[in-house]
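Same order as they appear, the protein sequences are chains A and B. In this text, residue positions in the first sequence follow the working numbering: the first is 2, and each later residue adds one. In this text, residue positions in the second sequence follow the working numbering: the first is 2, and each later residue adds one.
Hint data in this document are derived by calculation from the structure and do not stem from the laboratory. Do not take every clue at face value.
Same chains, same label: a pair holds when it works inside one copy or across any pair of copies.
Stated by the list, open to error - Derived lysine-lysine pairs resembling DSBU-like cross-links, with alpha carbons at most 35 Å apart:
id : residue 1 : residue 2
1  : 169       : 388
2  : 204       : 415
3  : 400       : 76
4  : 253       : 366
5  : 367       : 74
6  : 397       : 229
7  : 76        : 6
8  : 378       : 169
9  : 6         : 182
10 : 399       : 277
11 : 399       : 367
12 : 367       : 182
For reference, the chains in residue letters:
Number of protein chains: 2
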Amino acid sequence: MAFSKKPVNGMRDILPYESRVRDYVTGVIKDTYRSFGFTPIETPCMESIGNLSGKQGGENEKLIFKVLKRGEKLKLDEAKEELDVVDYGMRYDLTVPLSRFYAAHGNDLPTPFMALQIGNVWRADRPQRGRYRQFTQCDIDILGDPTNLAEIELITATTTCLGKLGFKGFEIRINDRRVLKAMAAYAGFAENSFDEVFISLDKMDKIGIDGVHDELVERGYDGGSVDKYLALYSELANERSVVGGMKTLSEKLGEYLSDDVASWMSGIAAAVEAAKGADFELVFDPTLVRGMSYYTGTIFEIAIPEFGGSCGGGGRYDEMIGRFSGQQVPACGFSIGFERIILLLMESNFTVPGDENRIAYLIDKKLPAERISEVMKEADAARSDGKQVLIVRMNKNKKFQKEQLTAQGYTEFKEFFAD
Amino acid sequence: MAFSKKPVNGMRDILPYESRVRDYVTGVIKDTYRSFGFTPIETPCMESIGNLSGKQGGENEKLIFKVLKRGEKLKLDEAKEELDVVDYGMRYDLTVPLSRFYAAHGNDLPTPFMALQIGNVWRADRPQRGRYRQFTQCDIDILGDPTNLAEIELITATTTCLGKLGFKGFEIRINDRRVLKAMAAYAGFAENSFDEVFISLDKMDKIGIDGVHDELVERGYDGGSVDKYLALYSELANERSVVGGMKTLSEKLGEYLSDDVASWMSGIAAAVEAAKGADFELVFDPTLVRGMSYYTGTIFEIAIPEFGGSCGGGGRYDEMIGRFSGQQVPACGFSIGFERIILLLMESNFTVPGDENRIAYLIDKKLPAERISEVMKEADAARSDGKQVLIVRMNKNKKFQKEQLTAQGYTEFKEFFAD
Chain A
2 MAFSKKPVNG
12 MRDILPYESR
22 VRDYVTGVIK
32 DTYRSFGFTP
42 IETPCMESIG
52 NLSGKQGGEN
62 EKLIFKVLKR
72 GEKLKLDEAK
82 EELDVVDYGM
92 RYDLTVPLSR
102 FYAAHGNDLP
112 TPFMALQIGN
122 VWRADRPQRG
132 RYRQFTQCDI
142 DILGDPTNLA
152 EIELITATTT
162 CLGKLGFKGF
172 EIRINDRRVL
182 KAMAAYAGFA
192 ENSFDEVFIS
202 LDKMDKIGID
212 GVHDELVERG
222 YDGGSVDKYL
232 ALYSELANER
242 SVVGGMKTLS
252 EKLGEYLSDD
262 VASWMSGIAA
272 AVEAAKGADF
282 ELVFDPTLVR
292 GMSYYTGTIF
302 EIAIPEFGGS
312 CGGGGRYDEM
322 IGRFSGQQVP
332 ACGFSIGFER
342 IILLLMESNF
352 TVPGDENRIA
362 YLIDKKLPAE
372 RISEVMKEAD
382 AARSDGKQVL
392 IVRMNKNKKF
402 QKEQLTAQGY
412 TEFKEFFAD
Chain B
2 MAFSKKPVNG
12 MRDILPYESR
22 VRDYVTGVIK
32 DTYRSFGFTP
42 IETPCMESIG
52 NLSGKQGGEN
62 EKLIFKVLKR
72 GEKLKLDEAK
82 EELDVVDYGM
92 RYDLTVPLSR
102 FYAAHGNDLP
112 TPFMALQIGN
122 VWRADRPQRG
132 RYRQFTQCDI
142 DILGDPTNLA
152 EIELITATTT
162 CLGKLGFKGF
172 EIRINDRRVL
182 KAMAAYAGFA
192 ENSFDEVFIS
202 LDKMDKIGID
212 GVHDELVERG
222 YDGGSVDKYL
232 ALYSELANER
242 SVVGGMKTLS
252 EKLGEYLSDD
262 VASWMSGIAA
272 AVEAAKGADF
282 ELVFDPTLVR
292 GMSYYTGTIF
302 EIAIPEFGGS
312 CGGGGRYDEM
322 IGRFSGQQVP
332 ACGFSIGFER
342 IILLLMESNF
352 TVPGDENRIA
362 YLIDKKLPAE
372 RISEVMKEAD
382 AARSDGKQVL
392 IVRMNKNKKF
402 QKEQLTAQGY
412 TEFKEFFAD
């Protein structure tokens with residue numbers, strides 16, 4: 002078969018500058034989360050195909066790269082459907098592997114278990130600009146803590162991390178599935194229609210309040226409920242404070258919203274505010290839905306002004322681990338939009354700290370062995386001082402060589418001649 | 002399909018302690034190699050199946066995890082052989098992807114190009130103790146430098162890195178395919194038998210000089226050649242110095258060994274010695290063969306006393322990139338045995354620097370929200386001082402909780418009560 006120079010369709014090579022930025026960001030993330038007590042874990046990139054096809058993954062399950070059976074297990078001539086010829090699949094997220102990991106090793110892990118995962122995932126999506134079939138996800142999860150301390154730690158750790166990466170003036174938007182439900186119930190929607198109502202609500206950003214209104218009415222919902230629901234939103238629209246939002250809602254919703262939920266949310270806001278290590282605002286967003294149906298409580302999302310749309314998010318999913326492991330475990334997670342953060346940093350021509358002062362030693366092709374030894378010794382001393390020293394043979398076209406090196410970030414040159 | 006708690010056959014989950022050690026080692030490797038001017042790159046974990054089946058990978062090509070075609074491209078009912086139903090495969094090493102990467106991006110890369118790759122590779126090997134089907138490789142390669150400066154930098158960078166990881170008293174064994182060939186030619190072997198002769202020679206460690214003798218004679222080689230060959234080895238057996246070895250060989254082999262090769266090897270030894278930043282010895286090893294037939298010049302291997310066998314190695318492969326890209330590019334690489342290094346560190350109960358002094362804040366379940374805010378503020382200050390602070394709810398069995406935390410490396414505790 003012919004050799005192809007290109008990466009496989011929809012995947013890409015990562016060149017030195019981007020790779021360096023990725024390493025730097027990964028380092029900051031790991032250091033920051035570690036300072037909060039998160040511990041890294043890793044799982045294989047492949048899972049049993051059965052684990053990936055459990056309907057937990059929604060649409061992503063249609064996008065699995067499947068791995069062919071090997072040896073005698075592969076019976077190609079008897080095969081009738083895909084599942085006859087594959088046994089593994091590439092993971093499409095880090096949540097399914099985490100659930101399996103916790104089911105397998107939970108007894109050996111502390112409670113609560115605070116996990117950090119940074120790893121590649123694969124989705125056989127239609128390739129499109131800025132969207133790749135292999136990309137990196139970065140998740141932190143706290144398993145086994147039923148209290149809002151989990152939310153407080155997740156939000157504080159994530160915002161501290163974003164601050165260390167240089168992001169300012171961003172927002173963490175927060176809501177709670179229980180708040181969403183209380184509002185829908187108060188407006189008179191039936192419980193089995195909540196998910197559909199939330200899907201419309203989620204479009205507030207794009208289609209506006211009139212658009213949401215029309216969509217709900219078109220779907221056949223009672224006009225009175227729709228009006229009551231949207232009137233409540235209008236009232237909340239200018240309320241950015243979580244504490245203020247909860248106060249308004251408690252007054253309006255009465256017993257539809259339990260006091261526990263209101264104080265749960267206010268408690269998160271107060272503690273996050275107190276521990277604030279970055280320039281951001283925690284904002285109550287009653288239109289925040291987050292697509293995944295597995296969320297059971299708090300939900301949150303990162304909004305960075307430079308970047309339209311979400312740059313990560315998460316929430317509480319108390320019922321998911323149990324569906325995998327058979328044992329209920331309260332869980333809450335926050336995922337940073339790793340690829341988007343890299344993109345934002347690269348677009349701002351970010352220079353990794355320490356990369357500003359690289360030195361290049363250019364050595365004459367005829368430099369005798371003993372002089373090369375001297376150069377090596379000198380470089381060793383400079384590197385021990387924390388400098389980045391490149392040693393290269395001097396080209397005939399030295400001017401061009403230096404220009405190339407300057408483009409790579411080398412600002413200092415030293416030349417060694419055979420004299 | 003049933004949910005399986007286990008990782009897929011032959012792969013494994015990496016628990017917090019090991020994962021932390023791996024992160025640390027990865028960090029030291031990246032920092033060290035960067036200080037030498039190596040730049041990180043990444044390629045997708047999958048390659049076109051044609052790229053992986055080009056006979057460059059030897060036995061590894063039999064161990065490829067293959068990826069099923071998707072959508073309309075998959076015609077299961079018409080399929081006659083494996084290649085009809087797959088289009089991609091999981092990479093089994095980092096050298097094939099590097100060759101493809103250089104073929105695709107060479108024009109945008111500096112010359113020489115100094116690449117660092119740390120990444121997972123997959124081989125569907127028979128699972129066995131300590132050998133997994135997904136594992137991490139760590140390669141540095143210098144492409145485009147025909148001089149021995151490449152070897153000098155690769156060996157110096159690698160040994161500096163091992164030194165920073167705490168390894169002492171290890172050896173770098175070095176030889177050259179051209180030395181091997183000169184010795185075989187001098188003894189009277191025909192050129193087309195060299196590879197087979199080297200395979201026997203490679204077993205010197207295991208079967209001894211008598212074993213090598215018998216094997217070569219059994220294979221039908223001329224007894225005179227075998228004796229002459231092995232007599233030369235005996236003479237070199239106690240010569241550990243590269244300079245000494247080259248001197249002896251130059252005297253013995255005369256024009257079979259070119260002066261260029263002798264001074265090439267001696268030049269490497271002198272410069273590596275001068276730049277020595279770690280406690281190791283560079284040793285001439287005339288029995289060093291390194292299996293891969295693609296090596297064309299210098300070859301080397303790491304031997305760590307605590308670990309029987311090789312802990313990494315590499316060499317010059319001037320003809321390989323060209324076979325992929327159609328353009329000859331001199332190349333030399335060094336691969337650290339990443340998984341073995343992790344194993345050695347874990348067996349020595351290695352503690353990652355900075356992990357000795359973790360603090361755990363235990364907070365009473367009834368602590369009111371405003372007090373939690375105070376705790377968060379205090380933790381933020383401690384973390385800013387570089388400390389690792391875990392905040393957890395106090396369990397009923399506080400003694401057991403503290404024991405668990407101590408086992409995780411928490412040495413300091415602070416308790417917050419609702420009073």
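Consistency of the hints with the structure:
Proximity of residue 169 to residue 388 under the C-alpha cut-off of 35 Å is found in both arrangements, the shortest distances being 30 Å within a copy and 24 Å between copies. With identical chains, the CA atoms of residue 204 and residue 415 are never at most 35 Å apart, being 59 Å at best within one copy and 46 Å at best between copies. Proximity of residue 400 to residue 76 under the C-alpha cut-off of 35 Å is found in neither arrangement, the shortest distances being 62 Å within a copy and 57 Å between copies. For a Cα distance limit of 35 Å, the shortest separation of residue 253 from residue 366 across copies, 30 Å, qualifies, whereas the shortest one inside one copy, 82 Å, does not.
Taking the shortest Cα distances, residue 367 and residue 74 never come within 35 Å of each other, neither inside one copy (60 Å) nor across copies (57 Å). Taking CA atoms no more than 35 Å apart as the test, residue 397 paired with residue 229 passes in neither setting, with 79 Å inside one copy and 46 Å between copies. In this homomeric assembly, residue 76 and residue 6 come within 35 Å of each other (Cα to Cα) both inside a single copy, at 32 Å, and across copies, at 26 Å. Only between protomers do residue 378 and residue 169 lie at most 35 Å apart by alpha-carbon distance; the minimum there is 20 Å, versus 44 Å within a single protomer.
Taking the shortest alpha-carbon separations for residue 6 and residue 182, only the inter-copy value of 34 Å comes in at or below 35 Å, while the best intra-copy value is 53 Å. For the homomeric pair residue 399 and residue 277, the shortest alpha-carbon distance between copies (29 Å) is at most 35 Å, but the shortest distance inside one copy (51 Å) is not. Proximity of residue 399 to residue 367 under the C-alpha cut-off of 35 Å is restricted to the intra-copy arrangement: shortest distance 15 Å within a copy versus 71 Å between copies. In this assembly of identical chains, residue 367 and residue 182 lie within 35 Å of each other by CA distance solely across copies; the values are 27 Å between and 78 Å within a copy.
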